[in-house]
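*Asks:* Listed here are the chains, written in short residue letters.
Protein chains: 6
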Amino acid sequence: MTSAADGTVAQYQSWEVEEFRALEEPYYVPVSDEVELFRSAWESKVPVLLKGPTGCGKTRFVEYMAYHLNRPTFVERDGEQVIEEESNLPLVTVACHEDLTASDLVGRYLLEGEETVWIDGPLTRAVKAGAICYLDEVVEARKDTTVLIHPLTDHRRILPIEKKSQLLQARDGFLLVISFNPGYQSALKDLKQSTRQRFISIEFDYPPRETEAAIVAHESGVDMDVATNLAKMAEKVRNLREHGLSEGASTRLLIYAGKLMQRGITPRRACQVSVAWALTDDRDVQRSIEEVISSIFE
Amino acid sequence: MTSAADGTVAQYQSWEVEEFRALEEPYYVPVSDEVELFRSAWESKVPVLLKGPTGCGKTRFVEYMAYHLNRPTFVERDGEQVIEEESNLPLVTVACHEDLTASDLVGRYLLEGEETVWIDGPLTRAVKAGAICYLDEVVEARKDTTVLIHPLTDHRRILPIEKKSQLLQARDGFLLVISFNPGYQSALKDLKQSTRQRFISIEFDYPPRETEAAIVAHESGVDMDVATNLAKMAEKVRNLREHGLSEGASTRLLIYAGKLMQRGITPRRACQVSVAWALTDDRDVQRSIEEVISSIFE
Amino acid sequence: MTSAADGTVAQYQSWEVEEFRALEEPYYVPVSDEVELFRSAWESKVPVLLKGPTGCGKTRFVEYMAYHLNRPTFVERDGEQVIEEESNLPLVTVACHEDLTASDLVGRYLLEGEETVWIDGPLTRAVKAGAICYLDEVVEARKDTTVLIHPLTDHRRILPIEKKSQLLQARDGFLLVISFNPGYQSALKDLKQSTRQRFISIEFDYPPRETEAAIVAHESGVDMDVATNLAKMAEKVRNLREHGLSEGASTRLLIYAGKLMQRGITPRRACQVSVAWALTDDRDVQRSIEEVISSIFE
Amino acid sequence: MTSAADGTVAQYQSWEVEEFRALEEPYYVPVSDEVELFRSAWESKVPVLLKGPTGCGKTRFVEYMAYHLNRPTFVERDGEQVIEEESNLPLVTVACHEDLTASDLVGRYLLEGEETVWIDGPLTRAVKAGAICYLDEVVEARKDTTVLIHPLTDHRRILPIEKKSQLLQARDGFLLVISFNPGYQSALKDLKQSTRQRFISIEFDYPPRETEAAIVAHESGVDMDVATNLAKMAEKVRNLREHGLSEGASTRLLIYAGKLMQRGITPRRACQVSVAWALTDDRDVQRSIEEVISSIFE
Amino acid sequence: MTSAADGTVAQYQSWEVEEFRALEEPYYVPVSDEVELFRSAWESKVPVLLKGPTGCGKTRFVEYMAYHLNRPTFVERDGEQVIEEESNLPLVTVACHEDLTASDLVGRYLLEGEETVWIDGPLTRAVKAGAICYLDEVVEARKDTTVLIHPLTDHRRILPIEKKSQLLQARDGFLLVISFNPGYQSALKDLKQSTRQRFISIEFDYPPRETEAAIVAHESGVDMDVATNLAKMAEKVRNLREHGLSEGASTRLLIYAGKLMQRGITPRRACQVSVAWALTDDRDVQRSIEEVISSIFE
Amino acid sequence: MTSAADGTVAQYQSWEVEEFRALEEPYYVPVSDEVELFRSAWESKVPVLLKGPTGCGKTRFVEYMAYHLNRPTFVERDGEQVIEEESNLPLVTVACHEDLTASDLVGRYLLEGEETVWIDGPLTRAVKAGAICYLDEVVEARKDTTVLIHPLTDHRRILPIEKKSQLLQARDGFLLVISFNPGYQSALKDLKQSTRQRFISIEFDYPPRETEAAIVAHESGVDMDVATNLAKMAEKVRNLREHGLSEGASTRLLIYAGKLMQRGITPRRACQVSVAWALTDDRDVQRSIEEVISSIFE
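Chains as they are written, first to last, in my numbering: chain X, 1 to 298; chain U, 1 to 298; chain A, 1 to 298; chain Y, 1 to 298; chain W, 1 to 298; chain C, 1 to 298.
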């Protein structure tokens with residue numbers, strides 16, 4: 001444990017939601033033309049929907065894009081507006097869930113002292129700051145939430161703040177990005193056509209073997225040979241999906257296995273707890289995965 | 001990205017709900033006599049229901065009508081009421097959802113300082129301002145909401161504000177307009193006859209090919225040839241509806257495709273992410289749509 | 001648009017709920033002995049249930065009765081109570097819905113300044129003012145509401161205000177009137193026998209052709225020939241009910257058609273948007289209705 | 001309309017819940033030994049459950065018993081407690097419904113000025129006042145309510161006021177009386193055995209013909225011949241129950257019919273609106289009832 | 001009615017929840033070694049679950065044990081802690097129901113004057129006072145409640161007060177006792193294994209005939225012959241359980257019958273209203289019970 | 001009862017949630033390499049999921065690990081940060097249930113005096129204190145809770161505090177540990193793949209016989225022979241699981257049996273109330289268990 005040296009004074013950090021920006025370039029390896037598509041959409045103010053399985057890199061991709069999209073910052077100098085610098089975009093991420101209400105996104109009144117004070121929610125903050133607002137797993141949210149974003153996705157780019165009877169127009173740079181996992185969707189939790197047809201859609205999948213090995217090596221510290229074996233194993237496990245596995249192993253789980261190996265856990269045991277036991281509770285499926293593991297890490 | 005020049009001072013705009021009016025004429029191409037029907041209904045104080053699929057232009061039509069309906073504004077001069085100018089109607093739009101309550105529309109008490117203050121909701125504001133109040137996808141709202149609008153639709157044009165035990169008569173110019181999408185309705189989410197029979201109904205569909213091409217060209221910047229091809233493709237895709245597509249491609253998606261092309265994305269890729277992937281997650285249906293795309297953009 | 005002359009000062013009107021009375025005689029044409037029955041019930045303090053389909057005139061009938069029932073108003077003169085005038089009864093109407101609670105009817109505490117203040121609900125106001133209280137579509141309301149009205153319907157005519165631990169006896173003149181539409185009722189939304197058996201029931205239906213034509217002519221301004229044709233058409237449409245139409249066309253829709261005709265819309269088009277499209281989204285049923293329309297307005 | 005003479009000053013009356021007592025003897029004709037059973041139970045502090053159909057007189061019976069049960073009132077005179085008078089018992093009636101919570105019965109905190117003040121609910125008031133507390137249709141209430149009354153029904157006669165962490169022992173004279181209608185009960189809305197077995201049960205039915213006729217004559221003003229005919233008719237209608245009638249006609253409806261006849265409505269019409277239409281919406285069952293009516297009132 | 005002599009001054013009594021102790025020994029006749037088991041569990045700090053049918057004496061047993069378990073009370077004298085007396089344990093009883101939340105047991109914040117004040121709930125009071133806390137019919141409570149008691153049942157005996165982010169360790173003497181009725185349990189309302197396995201279980205049934213007769217005689221005042229007949233009858237009625245009776249007659253109902261007889265009601269009538277009608281609404285089952293009654297009280 | 005000597009002054013203890021640490025080493029006997037796996041995960045900041053049946057020792061294991069994981073505490077001395085001591089980790093445990101909301105974990109605003117004050121929830125406290133946060137039976141919690149923990153489990157280790165629009169980065173030492181019991185899971189209450197794939201998984205089972213006997217002897221005070229017999233019995237009872245037993249006997253129940261024996265209860269009776277009756281209400285299954293008991297404790 002090395003980072004304890006940050007000491008007792010600044011033991012934990014905190015940010016305002018709309019101030020959060022990646023300080024260094026997020027590690028992301030493009031697979032296709034997704035970077036160009038996203039940039040074109042952002043320039044055209046066309047909202048974006050990202051589809052793909054758990055842990056395939058959608059969140060990292062949005063962080064990467066926010067870091068690389070630049071926007072001039074204007075300051076007033078001698079009575080004139082001049083560009084001071086190009087800054088990357090702030091990124092406001094909201095993990096949606098079935099109790100997420102419109103108020104959670106837009107804001108609410110809170111009693112402070114003797115007055116009720118309006119507190120902007122994360123979506124309102126993104127609209128005002130011209131940030132990218134990323135609603136992760138949007139179908140999980142309550143329906144008032146999905147309807148709320150409709151006027152933000154048409155030509156007016158307007159957020160109605162119903163509790164204040166106000167309309168707010170998004171600042172330049174603002175882009176609405178949502179994600180969902182088509183593998184999960186049921187009839188009950190599908191994205192309504194009236195919502196879908198407000199976004200272009202970019203589909204994601206697990207990265208190809210070489211890319212994935214590079215990511216695993218970079219993130220866990222194992223060498224490329226071990227990382228390639230982990231990526232190979234993941235491919236085979238993903239092919240087990242017809243045999244009772246509801247979803248394939250994510251890249252994140254491979255990184256976990258790599259990290260445990262770096263701490264001295266044997267490859268087979270590391271893969272057992274990071275992949276086989278993590279993915280399923282079904283003894284038979286666990287055994288199939290463990291056979292895959294054994295075939296690679298003899 | 002051009003509009004960033006609006007600078008740091010007025011980085012985002014906001015309006016009171018009832019002050020919102022289109023500053024310039026909304027772009028709308030009439031298809032039939034819908035403009036005359038709407039004007040007659042407004043003049044007769046007969047509420048209007050707009051039916052039609054997602055993205056066929058209902059919202060834009062209401063904006064267009066609000067812009068073109070004029071109402072004299074009276075001011076007091078030398079103790080007399082004189083007409084100062086003809087102004088277009090304000091438009092109050094509410095996107096309905098299943099958590100929308102009567103209070104969200106009518107208003108509520110809020111604690112402010114040491115007193116509770118009544119804040120008018122958007123419907124009350126429209127009633128007082130003599131605005132057009134457009135309740136989009138009204139069947140999504142909770143039942144108390146649909147009952148609430150009943151007394152506004154009969155000869156008395158009255159809004160009961162139950163929390164204040166008050167009745168409010170609508171100002172001249174006020175018109176209630178609601179929309180719904182018959183393709184979506186289920187037994188559970190149908191408009192009750194006691195509500196339906198308070199409105200005349202105007203049915204909408206996607207615009208004919210030439211009209212749609214003109215709209216796409218105007219909104220995305222592509223030339224008429226490309227726009228016509230996009231409209232042709234949309235027609236064919238809409239005919240796929242029997243093959244597992246729950247709804248046809250909206251005009252908005254065609255505009256998205258056009259915008260991406262303007263940024264240098266190839267037509268096929270632009271149509272794939274704007275139409276095929278946007279409409280469905282089903283691989284087979286996606287392939288059918290992509291065949292349509294290829295047949296037009298070779 | 002003629003009535004805009006009411007100017008900017010009194011652009012909208014408002015009343016306290018219990019002050020609302022029709023200023024002029026509501027237009028109502030009796031069909032049978034319903035006026036005598038209602039007057040007898042009111043004189044005997046027997047509550048009344050009105051049954052009938054959407055838009056057959058129940059609400060107008062109650063307005064008409066409230067206008068015609070007289071009650072002496074007493075003032076104190078020289079230390080004595082003398083009758084000053086006979087005034088008609090105030091009418092308090094509540095449109096019931098599935099979120100309507102007992103508190104919505106009886107009243108609630110609100111924070112005002114530093115104190116919570118009790119605000120009477122519409123039912124309490126009607127009880128105190130000796131008004132007719134009309135609960136429209138009462139089965140829609142929550143169950144606590146229907147139980148609440150029980151003690152008001154027995155010999156004690158008492159309203160329990162549970163939040164204040166008080167009992168309130170109704171002032172003379174008070175009568176409870178409820179309505180429901182037997183065509184709608186399901187097992188879940190039926191009136192409980194313990195509620196039903198507290199009311200006499202008057203059944204309503206659409207008015208006979210001549211009466212209906214007179215109403216349509218009076219309300220829309222069309223001449224009697226056109227009005228009679230509209231009434232004829234309505235009769236035929238109502239007979240289509242076995243063919244997939246859940247409810248017949250109300251008189252109100254005929255009035256809408258008449259109004260549009262008065263603005264220059266052709267009879268067939270006016271009937272299409274006011275009747276065929278208003279009643280149903282089913283193409284086949286719409287076509288049947290349109291055939292009826294064509295057979296009358298050639 | 002005769003009673004308007006109460007004038008403008010005391011136009012409506014109100015009581016505190018626990019002060020409500022019948023001023024004159026409620027009209028009740030005993031059918032069996034129910035009066036002795038109830039008095040014995042009250043003297044033994046054994047809670048009572050009344051079973052029976054809608055409108056058979058359970059509520060009136062409890063009012064009658066409360067009027068006839070006497071309790072000494074003590075006052076302090078010369079430092080001693082002396083009996084001043086025998087007074088009848090106050091009666092606190094609560095109509096239960098499915099939103100009735102324990103707080104509605106026990107009490108709640110309300111903000112008043114700068115402090116929250118505890119307001120006793122009707123059950124707490126009855127416990128303190130030594131009143132009869134009558135919970136009408138108790139199975140309708142929420143489950144917390146039925147559990148709440150358990151400790152009041154055992155040897156300790158204690159009411160736990162959970163919000164105040166207090167236990168309250170009932171004053172002498174207090175008796176818990178509940179009612180329910182076995183004809184209504186479903187599996188979901190049955191009285192739990194753990195609740196039932198805390199009460200003795202007295203079963204009620206409609207009164208025999210002579211008794212019912214006497215009641216109808218007394219309450220509506222018709223003579224005994226007419227009243228006997230109404231009672232005869234009711235007997236026959238109750239026998240129709242197998243033919244689709246969920247519950248027989250209550251005595252109350254016969255009184256309504258009598259009252260309308262006293263105002264000049266013909267017997268057949270009075271019975272139609274008070275009995276046939278009041279009991280059911282089913283045309284066939286209405287016809288059967290109307291045949292019964294015609295056979296008696298030729 | 002004899003006890004009215006308590007007069008107007010102390011007409012009702014109240015206690016703080018944790019001060020409630022039986023003043024005299026509760027009447028309880030042990031059936032097996034339940035007293036020793038309970039005492040051993042209390043001494044070992046092992047929580048206890050009591051199983052058994054309605055009205056078999058579980059609540060009385062807990063009152064009896066609380067009365068007989070002694071705990072030294074320490075006072076400070078001359079700077080030293082000395083035992084002043086042995087006192088019996090306070091008993092905090094909570095009747096669980098499906099709306100009972102964790103806050104109802106643990107406590108909540110209330111606004112008092114200008115500050116929110118924390119009010120301990122009954123469980124917190126029992127934990128602090130070292131009382132026996134008896135949760136009656138615990139499966140009825142909401143799930144947060146059953147999880148809440150988990151840390152109180154392991155070696156740490158800790159109550160987490162989540163709203164205050166505090167952990168509270170139970171004072172010596174505290175014991176958690178819960179009850180449930182296995183006859184009632186459905187799949188939905190079963191005690192989770194993770195809860196069950198935190199308690200030893202003592203099973204109860206109705207007392208044997210002689211014991212039950214002694215209890216009935218003691219509590220109702222009838223002589224032993226009559227009491228024995230009542231106990232005999234109860235045995236026979238309990239054997240009817242296969243014939244549609246969901247639960248046997250509790251001892252409490254026999255006591256009710258005895259009390260009514262003491263007031264002069266005949267044995268048959270007393271048993272009819274206390275047993276037959278109290279247990280069931282089914283005419284056939286009532287008749288079977290009445291035959292049992294007649295066979296004993298000829 | 002010996003510990004009563006703690007007297008009247010400090011009769012119960014309380015801690016702030018994040019200050020709670022085991023004062024002495026928790027008694028835990030490792031079964032496999034679970035200690036090394038957990039330590040590696042904690043060092044790599046990889047979240048951990050513990051799977052296993054009720055009462056198999058998961059909670060005790062986490063307590064043991066928290067006690068043995070050390071973290072330097074820094075203090076400022078002469079302007080420099082120096083390590084003062086190695087302290088073990090605080091442990092924040094939350095028993096999840098179906099009403100547990102995100103606010104319960106993160107914190108909420110409370111009115112205090114004239115201002116609303118934010119109170120950190122247990123998860124926020126753990127994040128700030130660098131504690132182990134153990135969410136027991138996490139699938140029981142509401143969905144917003146499981147989504148909430150997602151950003152804490154990726155590379156950013158961030159807790160979004162939505163109500164304050166803040167992001168909080170976890171202090172060093174923080175680790176998220178969750179548990180669930182695969183035997184319980186239903187389709188409705190399964191851990192979503194998008195949650196599962198954020199944790200390595202360690203599977204637990206009941207300890208082997210010798211280990212379990214050692215634990216029982218240590219905790220209950222019985223000698224190793226009796227403890228071994230109890231462990232043997234448990235093994236046999238666990239094998240009955242196919243015969244209608246939903247879950248095997250936990251080690252805790254064996255300790256209860258041992259404790260009762262220490263108080264003089266016979267082995268058979270102690271096992272009956274601690275194991276047979278505790279595990280099930282089914283008479284047949286109870287008999288099978290009792291046969292197992294008799295075969296060992298003759």
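For the record, the hints were derived by calculation from the structure and aren't laboratory data.
Worth double-checking, as some hints may not be accurate.
No copy labels: a pair is met if it fits in one copy or bridges any two.
[What the hints assert, rightly or not] Using 20 angstroms as the maximum straight-line C-alpha spacing, the simulated EDC-like pairs for lysine to aspartate or glutamate come out as follows:
#, residue 1, residue 2
1, K163, D99
2, K143, E25
3, K164, E16
4, K128, E162
5, K192, D205
6, K164, E19
7, K143, E290
8, K143, D190
9, K192, D282
10, K192, E98
11, K163, E19
12, K232, D205
13, K192, D281
*Asks:* Could you run down the list of hints and mark each one as holding or not?
*Replies:* Evaluated hints:
1. K163 to D99: both (19 angstroms within a copy, 14 angstroms between copies)
2. K143 to E25: neither (35 angstroms within a copy, 32 angstroms between copies)
3. K164 to E16: Between copies only: 8 angstroms across, 22 angstroms inside.
4. K128 to E162: both (16 angstroms within a copy, 17 angstroms between copies)
5. K192 to D205: Answer is between: at 19 angstroms across copies they meet the 20 angstroms cutoff, but 23 angstroms inside does not.
6. K164 to E19: between (24 angstroms within a copy, 13 angstroms between copies)
7. K143 to E290: Answer is neither: 42 angstroms inside a copy and 31 angstroms across each miss the 20 angstroms cutoff.
8. K143 to D190: Result: close both inside a copy and across copies, 11 angstroms intra and 17 angstroms inter.
9. K192 to D282: between (34 angstroms within a copy, 15 angstroms between copies)
10. K192 to E98: Both: 16 angstroms inside a chain and 13 angstroms across chains, each within 20 angstroms.
11. K163 to E19: Result: close only across copies, 16 angstroms inter versus 25 angstroms intra.
12. K232 to D205: Within. Shortest intra-copy distance 16 angstroms satisfies the 20 angstroms Cα cut-off; inter-copy 31 angstroms does not.
13. K192 to D281: between (33 angstroms within a copy, 12 angstroms between copies)
The structure shown violates the earlier hints numbered 2, 7.
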